[in-house]
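> Here are the chains, one letter per residue:
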Amino acid sequence: MMRHYKECVAMLLAGGQGSRLEVLTRKVAKPAVHFGGKYRIIDFTLSNCINSGIDTVGVLTQYQPLELIKYVGSGRAWDLDRYYGGVHILPPYARAKSSSWYRGTANAIYQNLEFIDEFSPEYVLVLSGDHIYKMDYSKMIAAHKKNKADVTISVINVPRDEASRFGIVISDGEGRITEFEEKPKNPRSTCASMGVYLFSWPVLKAALLRDEADDTSENDFGNNVLPMLLRDGARMFTYEFEGYWKDVGTLDSLWDANMDLINPSIPMSLDDPTFRIFMKSQALPPQYISSDAVITNSFVSEGCEVMGTVDFTVLSTGVTVEKGAVVLDSVIMPDAVIEEGAVVQYAIVGSGAHIKKNARVGGRPEDYPDRDKWGISVIGYDLTIGEGAVVPCRKVVFEDVPERSEEK
Amino acid sequence: MTNSFALVFANIDNSTMDLFTAERSICALPIGARYRLIDFTLSNLVNSGVDTVGVTVREKYQSLLDHIGTARDWDLDRRSGGLTFLPPFAFNSATPYDTKLKALIGSESYLRAKHAEYVFLCEPDVVGNMDLDSFGEKHVESGNDITYLTVRRDGKNHHGTFKTGLVTDENGFVTEFLKAKDPRAERLSIGVCVMKRSLLLDLTVAGRLNNYRHFDNEMIPRLLENLKVGVCDHEGYVAKIRTGNDYYRVSMDLLDSDVRKDVFFRYGHIFTKTYADVPVLYGLDSDVKESLIADGSSVGGVVRQSIIFRRVKLGKNTRIESSIVMPDSVIEDGAELRYVITDKDVRVTSGAKIIGEPGRPRLLLKGQTYSE
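One line per chain: the protein sequences are A and B, in this order. Counting in my numbering, the first sequence runs without a single skipped number right up to 408 at its last residue. Counting in my numbering, the second sequence runs without a single skipped number right up to 372 at its last residue.
Calculated from the structure, these hints are not laboratory results. Treat the hints with caution; some may be incorrect.
Stated by the list, open to error - Below, simulated DSS-like cross-link-like pairs (lysine-lysine); rule was C-alpha separation at most 25 Å, straight line:
1) A:Lys246 / A:Lys139
2) B:Lys273 / A:Lys70
3) B:Lys289 / A:Lys323
4) B:Lys179 / A:Lys357
5) A:Lys134 / B:Lys196
6) A:Lys280 / B:Lys313
7) B:Lys179 / B:Lys163
8) A:Lys205 / A:Lys246
9) A:Lys280 / B:Lys261
10) A:Lys323 / B:Lys261
11) A:Lys205 / A:Lys97
12) B:Lys196 / B:Lys114
13) B:Lys196 / A:Lys357
14) A:Lys280 / B:Lys366
15) A:Lys280 / A:Lys27
16) B:Lys138 / B:Lys273
17) B:Lys261 / A:Lys356
18) A:Lys280 / A:Lys70
19) B:Lys289 / B:Lys261
20) A:Lys146 / A:Lys134
21) B:Lys316 / B:Lys273
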């Protein structure tokens, strides 16, 4: 049988639940969560792959995969519908003698060794589907070759006071990794791992087989496989990434990353013709801005009908903001409706949610002298916030909120 | 209607919008902020279950080919059927390929190779969301030989310039073909008809042998004694675009939310070429009212009663009023447009003021730079 050679195969870990985003990930896996008006989080990694010349991508799904599978489809939105290669959804599957869920990030790759071997790659790029960044992986592959590395880990410099939130990589003057520290109290370096790992395939394959044989292992890249390779003296290097990179694993960071798109001082343009971020488009009419609308500092997508006031806000596809409604400093996901007189501020409103007349969602930080009491509010997918109802700041809403009668 | 296919006559161009159709056929005209005129016809067919479409072309079809590509945005990239371009091949080039009938004669082998029983003939200069599925079924039930999709002259929902008027008898059969402006014609043809493929083949051969030039206005009228020709009225919004004035007025009609609901959603979505355009970025000083804006654009100033196409950059302190700005145009800081239609890729330099007249918008030509 002829084997189709691919220099590099990417494996995208998209099976996690995203439990810190639970209100938005009850029905969809985290990589399928809406972002930036007309994107989903996974669009960034898939677009990075195709923009880096990687046309063979395995997407490892496990948790709530339906929406993600529908979204990725044949991969044609990213030019990943190919005769040889292309994008493949890889769910856990049953075998003749045994079957199991993906037990950890490394186990997920282990269970798909045969998929990777089909392409006889030299390198395997392991990615996570929950970061917002634009990265040309081919430069990382070039550095990997130059270093004659077994493993290259992409790192980004983070502020020292934030370093303890990340997996920190310590390396020598040549970039060779000497130590890992997972969320250290007193970080010795500010190089944070971005969750982007490039392996020489024979090294990864051998490591996964060994890891699988070790009953004490959790089968996790960060906790098990990478430390094991380091102990064995593998040539492991850092690759320093410069540019915008954001983990959108929390509701706050998801809101922040959306707001970054409106901020002219943030160095990430989605509009760069040489490095485009692709998404699946819908057949929606252009956005309509009515004679009653006031719209400034915002990112607004096709299919929107804006008749109210919108400022510092991301409106996703098909959102309606009725006359007299006010939406400030918020992220409104697709097809949500903000009715007449409703006020939404510092909030994330999930896809398909309906904010009824005169309801109020969220509060402004300047109204809270004690900043610890303030935070963004989040409305889950497809929920209804009843007429006149009030959702205070920092509230995460999982269920419909009934209307509130007139009496005060 | 599954047992059918369609021919779309992109080769005929009755428009009088010389400036905008110098480099493209009328059906490739950008309209409604993110569409081309032909999108309505193709989407109506697809939404009605027609997945085999031949598009006849004659000249100036580069921009149409660019737009349609493999036709995948209309789900017309099929193993079986799909969209096929029919240029004037295997045809004496001295004979003009400029009428519906001439294109039919040139497409005879395409017609013969199809198996579906019914065929829709469509002129792609229409804006409207039409249920061709019910239209086709009514035709089959009626026992007509040919049925034309029409509007009533006294209806209020038809716009633009119609070419052909129809007179019908008490049984609803067409008795006469007239110019649309003739007041005796109580119905106007939208430019869509349906018949059996076998009949169309016979008519095509007859047209060739008798050296007829026109299908609807010459050959069919002569055959009315032998053919049962019926009509079926379309109820929703419909416009035929032929003049610059039609184009401007229909564009402005789309600013009305009832018209938008009808045109974009009545029976199905209108599909168009997709790009991975970013959402629209509204700046600190943006002030937009009563306008349609397509993705990929950015707004830095005032916009009133205007249509802004994809990837248009409106600089700081610009003022766009009662205007249409086609894709990839750049309006630099401080420039002002009123009653203007820009073609694609137009640049208006910083501080320029370009003012047309109501009813006679000024046209800015493709790829040109204007400073006054």
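> Tell me, which hint numbers fail for this structure?
4, 5, 8, 13, 14, 16, 21
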